[in-house]
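Enquirer: This is what each chain is made of:
Protein chains: 2
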Amino acid sequence: MRDFVYNIPTKVYFGKDQFSHLGEEVRSFGDKVLLTYGGGSIKRSGLYDRVMEELRKAGMQVWELSGIEPNPRHTSVQKGADICKEHDIDVILAVGGGSVIDASKYMAAGRYYDGDVWDFHGKMIPIEKAMPIVTVLTIAATGSEMDGTGVITNMDLHIKKGRAHPLLYPKVSFLDPTLTYSVSKYQTACGAADIFSHTQETYFAREDGMYFLDTVMEGLMRTVIKYSTVALKEPDNYEARANLMWASSWGINGFVRADKPFPWSCHPLEHELSAFYDITHGLGLAILTPRWMRHVLSEKTLGRFVKYAVNVWGVDESLPAWEIAEKGIECTEKWLYEDLGLTDNLTALGINEEHLETMAERVGGKIHKGFVDLSKEDCLAIYKACL
Amino acid sequence: MRDFVYNIPTKVYFGKDQFSHLGEEVRSFGDKVLLTYGGGSIKRSGLYDRVMEELRKAGMQVWELSGIEPNPRHTSVQKGADICKEHDIDVILAVGGGSVIDASKYMAAGRYYDGDVWDFHGKMIPIEKAMPIVTVLTIAATGSEMDGTGVITNMDLHIKKGRAHPLLYPKVSFLDPTLTYSVSKYQTACGAADIFSHTQETYFAREDGMYFLDTVMEGLMRTVIKYSTVALKEPDNYEARANLMWASSWGINGFVRADKPFPWSCHPLEHELSAFYDITHGLGLAILTPRWMRHVLSEKTLGRFVKYAVNVWGVDESLPAWEIAEKGIECTEKWLYEDLGLTDNLTALGINEEHLETMAERVGGKIHKGFVDLSKEDCLAIYKACL
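Residue numbers (our numbering), protein chains in the order written: chain A, 44 to 430; chain B, 44 to 430.
Take every hint as true, because none was put in to throw you off.
Identical copies go unnamed one by one, so any copy, or any two together, can satisfy a pair.
Below, a list of computed lysine to any residue pairs in the SDA-like style, where the Cα atoms sit at most 25 Å apart: (1) K59 x A248; (2) K214 x T192; (3) K409 x P306; (4) K419 x L430; (5) K269 x E250; (6) K350 x Y281; (7) K228 x Y254; (8) K276 x D46; (9) K350 x R265; (10) K269 x Y229; (11) K269 x D46; (12) K122 x E107; (13) K269 x F298; (14) K59 x E250; (15) K269 x F47.
Keep in mind that the hints were calculated from the coordinates and are not lab data.
Build the full structure now, drawing on both the sequences and the hints.
Expert: Dropping the structure here:
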């Protein structure tokens, strides 16, 4: 068990009647706000008007940046950082899902950097200061509302990359499950796959960690499995949306990862997929995860697979160990591809062998000291199994 | 499911090699520190010297207040608040268990109040400002290291009372499981009963809450049950001490209680016991809890008892519901009185019927809107069942 520092400063207003606190919280950081959002669904849903009304009541001056992409581009981030510099903005209010929040984190840091925001990756310039961020979450998926990580994409270089820093935690997040009633079945399923993956990637680590945190992760995975299927059948089931939303935050905010600071596997594999094909992150994870599981299952890793199958899926622990492990993977596949209805292969997405070698080359060395080290050949085999 | 605000700002250094950060963290709040501790065990263990060395290296001026009682008296709190006022102290460093930390919280608030600190209870004067507190935890039990609650006792009035306020959360806490190796078997058992009770009191609530949080609470209780017995057999088992320590913080820091802000039952019953007889809090809870369970078990509450028995104790869910519930209570008793070896009745502690009526009178009305409302008669019946 390793030492760790727990430090999650985000304050969260959770529930359906918390919106009246939005103005006072944003206002506590100053009177100039940059409102960031995506493609305009918040205008159709009426959320935009509700947010503007609260900001108006709080006496805020509002600038806007819309059109942030699902895999947010560094070019959009640059625009936001430039607006913040030009108008000396005090606080960013990100209204949307993980993409809008992730992009806003880089704007918050970029506001204090006189150069291209991609330098945070390309040149790994240090993050020394960042503006405060307040978020209103509209989809349960990435957990960006309560973590210090942002992922952005440079489509020119085909690079999708994340970076974490304590200064990037949102100061305040508003989590209203009713805002996710209108999330489509497809996006709900992809979000669930993403939340599940965050937890599962930490759960499958090369060292056993604290038992207590394992029980929390098992509970998180059972929660996502149980309520994702409910939310697909009943999009406005509050209990389902609330459980998914709070699970999205706790799967990745650092709490369960405490003593297991090891590299993940499926996320780096997926980032290459998104960088080349711009596919939905959760869908990429859903296609990759069971293939990765089969690839790394061995006598050495069997114990963790057995624990997973028994404690997450309720597989009968009196069966032979290999049979238990296999059933755990089968349950995962059934949930992802049948219950959630997600596509189970890359070919159906129009992806062929063309770039797989390059992707495997780029990601191979990175998954060192993960659950199982993956060479270029391992990565290529996993990608090919996904076709 | 109810709306809630999540706001736990405490930063935690967890592990066996984190002590080198103590000086810098304390120093970040100023250069005058009041060091508070209990009966002197930290001197015998060498912890006092280690703390002083870190404070010296950080250039701190140190004042001391020792002798804080296991059920801390308001008189000790007053002394601490007065020292802070007189010397314009910047920060309190509490080294000890829940009693030292609880007392320090009231000193931190009392430093800004020109009157008797008992007024925080007697007159319910508002808490508007409090000094920063840093803690070094030496026993896993109350969770005070990561919550905003303090409980102090006025022995003149026989009142033991708690109060919570966001300003009372410690800013930084150091949780080193090795510091609890020397905790006696008895105190380890009482601490485990306390951690268990915090979780169990939230778990048994009058409304069902978020499923995800129920899974966390079930994991917390399983963790305490599993590792308390390990720690009794092997006091220097790091895994056991670490699991108990982190569970102590998360059982009560507000996370699992989020959407269940209902009054507890056994804690108010126990506070009367401690106020009259100065017994160890965890022991009082251990004696009370199973009696309370039997008293409130009914057709109406059966469902929660079944869930508890199956998910915490692994009772066979194919049995009849009442049998499952009964087995859950029996498992609780076996763990508390056999595995932990705690006394199972008040008579053995020299307590008789004398004050029970008064205690029941005082606590009866308070447990309104708890899991089951308890009248004076209910409380008296529970106390008598403990004799």
